[in-house]
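Student: Residue numbers (numbering that gives the first Met the number 0), protein chains in the order written: chain U, 0 to 663; chain G, 0 to 102; chain R, 0 to 165.
Among the hints, erroneous ones may be present.
Listed next, the in silico PhoX-like pairs over lysine-lysine satisfying Cα-Cα at most 25 Å (straight line) [claimed, not checked]: (1) Lys90/G / Lys22/R; (2) Lys90/G / Lys86/R; (3) Lys22/R / Lys86/R.
Covered by chain G, per the in silico footprint, the following chain R stretches (three or more residues, Cβ under 8 Å) [as the list claims (entries may be wrong)]: (4) 30 to 37; (5) 59 to 69.
What the hints contain is simulated information worked out from the structure, not anything from laboratory work. All residues carry an ideal CB built from backbone N, CA and C; glycine is no exception.
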Amino acid sequence: MPIVSAGLSALLKQSWRKTSATLAIGSLSFSLLLSLYAFAHVLSDWMAGIATREVVNFTWIQFGTSNVDLGWVLDPLSAIMLVMVSFVGLLIFIYSTGYMKHDENFTRFFCFMSLFAGAMLGVVIANSLLLLFMFWEIVGLTSYLLIGFWYQRPAAAAAAKKAFLTTRIGDVLFLLGIVWLFAQTGTLLLYNNGAGSIESAALSLLLSQPAALGLTAAGAIGLLIFAGAAGKSGQFPLHVWLPDAMEGPTPVSALIHAATMVAAGVYLIARVYPLMAAGALAGGTTTALTVVTWVGATTAVFAALIAVAQNDIKRILAYSTVSQLGYMMAGLGIGGVAVGIFHLITHAFFKALLFLGAGSVIHGCHEEQNVRRMGGLKSDMPLTFLTYAIGMLALCGFPLLSGFWSKDSILEAAQHWSVAKAPFYMLVFGALLTAFYMTRQMAYVFGGHWRGGKPAHESPAVMTAPLGILAFFAMTLGFIGTPAWPWFRAFLDGKTAEFDWHVLLEPGLLTLMGISTVVVLLGIILAWKIYGDRSPRPTAPDALEKAAPIAWGWLSNKFYVDEFYGATVIAFYAWWARVSDWLDRRVWGGVVAGVAWLFSMGARLNRFLDTNVVDGGFDKGCEELTVGGGLLSRMQTGRVQTYLRILALAVVVLAAILIWSYKT
Amino acid sequence: MTPLAGYLLVAALLFSIGLAGALTRRNAILVLIGIELMLNAANLNLIAFWRYGPHPEALTGMMFAIFSIAVAAAEAAVGLGLVIQIHRHAKTTDLDQMNRMKG
Amino acid sequence: MSIVFYILAAITMAGGLAAMLLKNTVHCALALTVAFAGLALLFLNLDAQFAGFAQILVYIGAVAILVVFAILLTRGSETPNDEIFSKTWLAGLAVAAAVFAVLGWAVFESARVLPHETAVPEVTVQQIGVALVERYVLPLEIVAVLLTAALIGAVIVAMHEKEEPK
Chain U
0 MPIVSAGLSA LLKQSWRKTS ATLAIGSLSF SLLLSLYAFA HVLSDWMAGI
50 ATREVVNFTW IQFGTSNVDL GWVLDPLSAI MLVMVSFVGL LIFIYSTGYM
100 KHDENFTRFF CFMSLFAGAM LGVVIANSLL LLFMFWEIVG LTSYLLIGFW
150 YQRPAAAAAA KKAFLTTRIG DVLFLLGIVW LFAQTGTLLL YNNGAGSIES
200 AALSLLLSQP AALGLTAAGA IGLLIFAGAA GKSGQFPLHV WLPDAMEGPT
250 PVSALIHAAT MVAAGVYLIA RVYPLMAAGA LAGGTTTALT VVTWVGATTA
300 VFAALIAVAQ NDIKRILAYS TVSQLGYMMA GLGIGGVAVG IFHLITHAFF
350 KALLFLGAGS VIHGCHEEQN VRRMGGLKSD MPLTFLTYAI GMLALCGFPL
400 LSGFWSKDSI LEAAQHWSVA KAPFYMLVFG ALLTAFYMTR QMAYVFGGHW
450 RGGKPAHESP AVMTAPLGIL AFFAMTLGFI GTPAWPWFRA FLDGKTAEFD
500 WHVLLEPGLL TLMGISTVVV LLGIILAWKI YGDRSPRPTA PDALEKAAPI
550 AWGWLSNKFY VDEFYGATVI AFYAWWARVS DWLDRRVWGG VVAGVAWLFS
600 MGARLNRFLD TNVVDGGFDK GCEELTVGGG LLSRMQTGRV QTYLRILALA
650 VVVLAAILIW SYKT
Chain G
0 MTPLAGYLLV AALLFSIGLA GALTRRNAIL VLIGIELMLN AANLNLIAFW
50 RYGPHPEALT GMMFAIFSIA VAAAEAAVGL GLVIQIHRHA KTTDLDQMNR
100 MKG
Chain R
0 MSIVFYILAA ITMAGGLAAM LLKNTVHCAL ALTVAFAGLA LLFLNLDAQF
50 AGFAQILVYI GAVAILVVFA ILLTRGSETP NDEIFSKTWL AGLAVAAAVF
100 AVLGWAVFES ARVLPHETAV PEVTVQQIGV ALVERYVLPL EIVAVLLTAA
150 LIGAVIVAMH EKEEPK
């Protein structure tokens with residue numbers, strides 16, 4: 000539906016703002032209704048105890064005897080994702096009507112947003128990896144268009160290009176995985192009544208094929224697909240595009256980088272989880288999943304460290320997103336689909352809330368984005384403050400809020416991971432850092448007194464209303480996944496769930512909940528002590544910076560990852576481009592020029608031959624003829640006696656011949 | 000030397016003299032005189048062969064010679080008539096100057 | 000070879016040479032007549048009486064006179080200092096010499112097979128007449144036509160041209 004509205008919006012003129020907005024919101028609401036209906040359908044089936052996975056496949060291309068099939072799938076996972084995407088998207092759309100009111104490219108904005116929403120929905124319900132990849136690419140394209148929405152700013156254009164190129168690297172590896180999978184199993188459909196590529200028959204085939212480095216084909220393909228997900232979801236080392244993507248408008252950041260696009264990567268891994276988990280020994284794990292976990296955990300800590308030292312309100316949130324994505328990936332690797340997706344859902348809500356709140360702050364502070372120049376917004380923007388606080392606490396994992404439950408399920412799975420304990424400690428440390436930097440941000444933005452220019456004002460209702468709705472969900476959504484009532488996991492796995500209070504009181508679980516709570520409070524208190532209600536001047540160095548300047552330098556410069564890339568990859572690429580250019584101009588161009596020169600030489604030779612040999616020969620021949628004619632004509636003296644003489648001579652010769660012959 | 004050879008030689012000599020005169024003298028009439036000499040030499044040849052040939056009673060040689068005389072007379076008449084006509088036009092009988100057919 | 004033959008041969012050749020070498024054209028014509036006479040005598044020596052007398056009648060009686068007439072009619076243009084021989088007389092002499100060489104050679108080559116003496120043929124005028132109308136009637140008629148044509152042609156050729164109206 001949204002794709003249709005996107006197409007229509009593309010045809011509208013700039014001035015028809017209301018129409019494009021209505022189209023976009025209308026289509027997405029319609030999609031929401033459809034998603035809710037689908038969800039209800041799946042839910043009812045689940046409650047009746049029927050295993051729910053409905054698949055609709057159709058043939059797209061036929062070449063020879065083999066086909067390329069595409070299809071849609073509706074199962075609990077996709078149903079939940081559908082609802083989440085359309086709901087959060089709808090809220091962000093409504094919010095954008097207020098945020099982008101002063102922008103002149105209103106229509107174009109909603110066109111791209113609708114296209115993005117449609118593509119995201121397509122990713123969610125695709126049953127074929129090929130169809131998924133096609134929508135994946137459209138998502139990438141629209142993210143490029145939206146990040147670079149204000150393309151007149153060179154920073155925005157560069158950020159969009161960076162995003163596209165970085166995700167491209169992941170996409171190439173993803174495509175390799177797809178091709179390999181197709182070559183091995185002959186189909187790209189995920190589920191096809193037992194013939195799908197991640198169903199058991201195909202999986203056993205893949206497991207029996209060895210690839211390089213001791214991996215099976217299944218493992219190798221899984222890693223390739225993970226590479227694609229890593230690019231889209233900003234895992235280390237392909238995370239460099241995400242913070243720069245903050246150049247786009249805030250609703251874009253909210254939609255793309257909180258709720259949906261970055262979630263697409265996590266969703267992809269969840270979708271092909273059977274492939275990733277194939278061959279796992281009982282209680283153990285596969286190579287692919289191990290890699291996923293380590294990458295996720297590393298990203299979580301890495302990004303959190305950088306977030307501590309950032310000064311742009313959106314950049315802090317961006318690094319927070321990267322960190323949380325790491326959590327999600329780790330959750331997928333350690334605990335399975337339910338764990339990772341649970342955190343994905345909760346994160347979508349409170350991250351969208353935080354981004355929209357940041358947008359409200361930016362809007363209220365007249366497009367100011369540096370936290371050092373904000374302050375005291377507690378009283379100036381109360382609604383925003385309230386909702387932002389809720390979101391922040393949810394993110395930190397404050398007890399009883401949604402983030403608490405989802406993060407804890409990850410931590411619990413990590414604690415029991417059989418391979419290594421290190422991820423657990425890394426994730427706990429990450430939680431500490433999360434609390435720390437979020438409190439720092441809160442202190443800078445809302446605490447103290449105003450340090451900026453003009454005074455700030457509260458945002459209009461069209462912007463604050465979605466904030467409120469999201470806050471509500473941020474608070475309550477956690478309850479569907481508590482260990483006491485593991486409804487979420489049961490829903491995804493197709494089992495039943497029971498509400499059991501006593502599970503919460505298990506010692507192991509209780510200890511874990513206690514540890515996480517303590518960690519969160521520790522982080523908050525630490526940050527409050529350092530930053531507190533003070534409002535340092537914008538130009539004064541940060542408190543931590545004074546304490547540990549070198550570490551601060553590392554952190555605030557994002558560990559110099561970008562610079563590293565610039566020195567190596569980009570430099571190499573530029574050099575390669577120069578070499579190719581030289582080759583093209585000198586070598587190939589030289590060949591072409593040489594051939595042309597050869598031809599011109601040939602033509603010149605031809606002309607020479609023609610003029611001198613042919614013409615000359617001809618002229619000479621004519622000359623000879625003339626001379627000969629002259630000679631011959633001299634014989635015609637016109638005198639009788641001459642003729643007579645010659646006659647007599649001829650007779651003599653004849654006679655001589657005759658006599659001679661007669662003699663012999 | 001047989002008589003026949005003698006006659007033949009005389010005829011050859013006469014022929015050559017006539018030819019030499021025809022080829023070298025400038026006056027057109029003298030060329031015609033030379034031609035008459037040549038014809039006469041040929042006649043002598045014919046008669047000599049008739050006389051010393053195998054069948055003199057066939058009269059072949061004699062008849063040939065007689066006809067030759069008749070034709071020579073006719074030819075002389077016409078030729079001299081031509082020379083007279085040329086003389087009227089070119090006012091001269093010098094053959095060296097008559098080269099209007101020159102190529 | 001009898002002495003008569005040699006004398007007659009000498010006379011004939013002298014006449015011929017004189018005809019070709021003399022400067023005065025009339026003298027040449029007269030020398031030609033001498034040569035004709037010598038030839039007629041040679042015919043007689045060869046027992047070809049009819050041919051000899053025909054020679055005298057026709058050649059000396061007609062052709063020689065004709066030549067003299069022509070000489071006299073074309074006399075005016077000659078000057079006494081004219082060259083009598085053409086500029087390229089040596090080439091002509093060479094050709095004539097070549098011809099004589101070939102003919103002489105032929106005679107000498109065939110000297111072996113030539114008969115020495117044969118019987119004198121008995122030829123009467125009657126025989127000649129009979130042969131003319133029997134065996135040689137065709138040539139006779141043709142020669143008659145030829146003579147007629149020559150007569151007419153000579154007259155036309157030598158005729159004064161009609162005066163063109165100016």
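Student: If a hint holds in the structure, say so; if it does not, say that too.
Tutor: Each hint, compared with the structure:
1. Distance check on the hinted pair: lysine 90/G and lysine 22/R sit about 20 Å apart at the alpha-carbon level, within 25 Å; holds.
2. At roughly 20 Å between alpha-carbon atoms, lysine 90/G and lysine 86/R fall within 25 Å of each other, so this suggested pair holds.
3. With a C-alpha separation of about 16 Å, the suggested pairing of lysine 22/R with lysine 86/R holds against the 25 Å cut-off.
4. With 3 residues carrying a beta carbon less than 8 Å from a beta carbon of chain G, the segment 30 to 37 of chain R meets the three-residue requirement, and the given coverage holds.
5. Coverage of a stretch by a chain is defined here by at least three residues with a beta carbon nearer than 8 Å to that chain's beta carbons; for the segment 59 to 69 of chain R and chain G the count is 6, and the condition holds.
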